[in-house]
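Enquirer: Each chain, letter by letter, is given below.
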Amino acid sequence: MDPRLNIIAHRLENVDRLIAVSGGKGGIGKSSVASTLALCLSKKNYRVGLLDLDFYGPSCHLILGIKGVYPEEERGILPPQVYGIKFMSIVYYAKENPLTVRGIDISNSIIELLAITRWEELDFLIIDMPPGIGDTTLDVIRLLKGVEFLVITTPSKVVLETVKKTLEMLKEAHVPILGVIENMKLNNSSWTRQEIETFDVKYLGEIGFDRSFEDFVGDRNKLLKSSFVEDINKLIPNLD
Amino acid sequence: MHEWALAEGVIDTTVKVSREKKLKEISRVVITLGELQQIDEEIFKFALREIIKPTSIFKKTEFKFEKEKAVLRCKVCTTEWEFGDMLCGLDDVEVESIHFIPEMSHIYMKCPGCGSRDFEIVKGRGVWIASIEGME
Ligand SMILES: Nc1ncnc2c1ncn2[C@@H]1O[C@H](COP(=O)(O)OP(=O)(O)OP(=O)(O)O)[C@@H](O)[C@H]1O
Ligand SMILES: [Mg+2]
Ligand SMILES: [Zn+2]
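Protein sequences, first through last, are from chains A and B. The first sequence: position 188 = 188 (the numbering used here), numbered continuously. To get the numbering used here, take the position in the second sequence, counting from 1, and add 1000.
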């Protein structure tokens, strides 16, 4: 018997909302939205955790400029609090190295992290998901009872095709879908919104393509003044 | 002392099993400690004893530990090796990362046969409950 599986629910019992930022497709802004959303919620004085579950390409620490911190060992591990966010990522253990592992190892690592991390009381735990709907998505659905999915798409037809598969998969598994955010919006076409609404899923709003995004990657203060943050703040009331 | 978190997992699982099987007393729990995770048995025992204090079903429980060597097998050339043979080549930080997440061994170890990191952890990964015995 695996002693870790049972304890996961206890580790999360004082977390009010678990939100997995997903989408299926790669490079659509999942990590940017997850990190920035955590930052914006913490600015609004919510108690926020951010869990980067992209073990092949962890990014949240880069976007928020988090470095030089490490969890404390205390009857498990306590995630360090940075900018008011309790932050947990595989980078603490993998450092900058590539992680050459298969699905079973990803699954075991996720279980281990969830079993030993003490989040304590949180209003939101934001989870940055990797691309795809494989191991990590299945484990999040299996292990995190009550998790809600926040799905990201872009105005691309190619992206939407995969996003639709993600939505379908989540619906079939009866996993709550908070809604879809359209990221990297370049014009005011309503095509994506219409497509999403035919799926009977809430269109939460859009985030414009921000040409200066690269300038504020890793710099929280610049990020907070960006149009990206402005757009995210507009979406937050729709998450209820 | 992250052993504590895993010890909580053992106790929690045992309590769950005792409820399912309607056990009033737990006589023995056999715990396998896989070498890869390098759990400190003394710390683990201490944590177990502290955690069970308020729970009556554990009054007479014996916790038995069985150590299991960690065996790894390369997916590319099928070479098998033991973690113990490689431990001396690892520094403290690497050992600690593997202690927290045993899968980090893929970063800090390679197949001694062909140098690949594509290997599987055949056995001896971490903490496992081998058996739970008790009385109704
Ligand atoms: N609204 C936006 N405007 C401009 N650039 C953006 C926007 N959103 C994201 N980006 C950029 O797009 C790239 C991909 O973003 P991000 O890493 O957040 O995507 P992802 O979906 O998490 O990718 P992966 O699937 O690899 O995890 C990054 O370079 C990011 O800076
Ligand atoms: Mg990402
Ligand atoms: Zn080999």
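Because the hints were derived from the structure by calculation, they are not lab data. Wrong hints could be hidden among the right ones.
Below, a list of computed lysine-lysine pairs in the BS3-like style, where the Cα atoms sit at most 30 Å apart [what the hints assert, rightly or not]:
| hint | chain 1 | residue 1 | chain 2 | residue 2 |
| --- | --- | --- | --- | --- |
| 1 | B | Lys1022 | A | Lys95 |
| 2 | B | Lys1021 | A | Lys95 |
| 3 | A | Lys145 | B | Lys1022 |
| 4 | A | Lys171 | A | Lys202 |
| 5 | B | Lys1123 | A | Lys95 |
| 6 | B | Lys1075 | B | Lys1021 |
| 7 | B | Lys1075 | A | Lys145 |
| 8 | A | Lys67 | B | Lys1110 |
| 9 | B | Lys1016 | B | Lys1123 |
Enquirer: Determine for every hint whether it applies to the structure shown.
Expert: Checked hints:
1. For the proposed pair lysine 1022 of chain B and lysine 95 of chain A, the alpha carbon gap of about 46 Å is over 30 Å, so the pair is violated.
2. For the proposed pair lysine 1021 of chain B and lysine 95 of chain A, the alpha carbon gap of about 44 Å is over 30 Å, so the pair is violated.
3. With a CA separation close to 26 Å, the supplied pair lysine 145 of chain A and lysine 1022 of chain B stays within the 30 Å bound.
4. Distance restraint check for lysine 171 of chain A and lysine 202 of chain A: the Cα-Cα separation of roughly 13 Å lies within the 30 Å cut-off, and the hinted pair is therefore satisfied.
5. As the CA atoms of lysine 1123 of chain B and lysine 95 of chain A are separated by approximately 25 Å, the hinted pair is consistent with the 30 Å bound.
6. The hinted pair formed by lysine 1075 of chain B and lysine 1021 of chain B fails the criterion: a straight-line CA distance of about 40 Å is larger than 30 Å.
7. Taking the CA atoms of lysine 1075 of chain B and lysine 145 of chain A, the gap is about 34 Å. The hint is violated against a cut of 30 Å.
8. With a C-alpha separation of about 28 Å, the suggested pairing of lysine 67 of chain A with lysine 1110 of chain B holds against the 30 Å cut-off.
9. For the given pair, lysine 1016 of chain B sits about 26 Å from lysine 1123 of chain B by alpha-carbon distance, which is consistent with the 30 Å threshold.
Hint violations for this structure: numbers 1, 2, 6, 7, all remaining hints satisfied.
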